[in-house]
Amino acid sequence: MSTVTVESSRFGSLEIEAGAIIEFPAGLIGLGGRRWAVITKDDNGPFAWLHSLDDPSLALPVTNPWEFFLEYEVVLSDADSERFESADDVAVWVTVRAGTELTDFSANLRAPILVSQGQGFQVINEAAQAPVRAPLFPDAQSEAEAA
Amino acid sequence: MLIITRRPGEKIMLGDEIVVHVMEIVGNSVRVGIQAPRSVPVYREEIWNAVREENQAAAGSAPTELPDAPSREG
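Quick mapping for you: the protein sequence lines, in order, are chains A and B.
For the first sequence, our numbering gives the first residue as 1, with consecutive numbering after it.
For the second sequence, our numbering gives the first residue as 1, with consecutive numbering after it.
For the record, the hints were derived by calculation from the structure and aren't laboratory data.
All residues carry an ideal CB built from backbone N, CA and C; glycine is no exception.
Heads up, a few of these hints could be off.
[Unchecked claim] Stretch by stretch, here's where chain B covers chain A in the computed footprint (C-beta under 8 Å, at least three residues):
#1 2-10
#2 32-39
#3 79-87
#4 93-105
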């Protein structure tokens with residue numbers, strides 16, 4: 001299978017299989033970029049990186065929202081749900097704002113990234129409970145506040 | 001910026017494919033209908049802005065090593 005090499009400024013040289021490339025027809029909101037791939041690192045636990053193939057310096061940490069938010073729901077507008085044939089083969093990622101402290105980590109539950117059949121869309125989640133900055137480690141937060 | 005005055009029921013064309021329909025005015029709100037090809041996503045500006053900011057912040061995330069998930073109880 002053919003591969004694409006990205007000289008990532010974060011990870012060095014990355015070999016990405018052609019089949020793993022995700023085409024984002026509208027890019028990421030405010031960032032653009034049509035071609036991305038999800039990079040998994042062994043030591044990154046529940047996190048992966050959504051890496052741009054167009055800009056080797058551009059990568060966003062992402063996670064499976066259900067690793068952290070068991071009750072998470074994605075509700076799509078009619079226009080967005082028409083983009084997907086079936087909910088069964090849609091992978092859902094949320095972007096992560098990482099920081100130096102655990103209390104700084106949050107996930108954007110309002111704008112999940114949905115991937116299906118090689119295409120990706122960052123959509124607006126219409127669910128009522130979907131903050132753009134949901135703390136990923138709320139227990140760390142309460143400890144910090146208690147101290 | 002182009003500024004156009006429209007009455008309820010009137011429309012604005014953006015190119016040949018995007019229609020902005022001023023539907024009604026109720027108090028200090030305007031209801032706007034937007035018809036656009038599927039390839040053109042439509043966002044409320046404040047949400048678009050908030051998401052753009054989060055995307056940029058995520059892209060600027062410092063660490064390459066990321067923490068483990070919290071252990072779940074039960």
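Problem - Verdict on chain B covering the stretch 93-105 of chain A, where coverage means 3 or more residues with a C-beta closer than 8 Å - result: holds (count 8)
Problem - Within 8 Å of chain B's CB atoms, at least three CB atoms from the stretch 32-39 of chain A: coverage verdict - result: violated (count 0)
Exercise for the section: Examine the stretch 79-87 of chain A: at least three residues should have C-beta closer than 8 Å to a C-beta of chain B. Expected result: holds (count 3)
Exercise for the section: Three residues minimum, CB to CB under 8 Å: does the stretch 2-10 of chain A make the cut for coverage by chain B? Let me know. Expected result: violated (count 1)
The structure does not agree with the numbered hints 1 and 2 stated previously, though it agrees with the rest.
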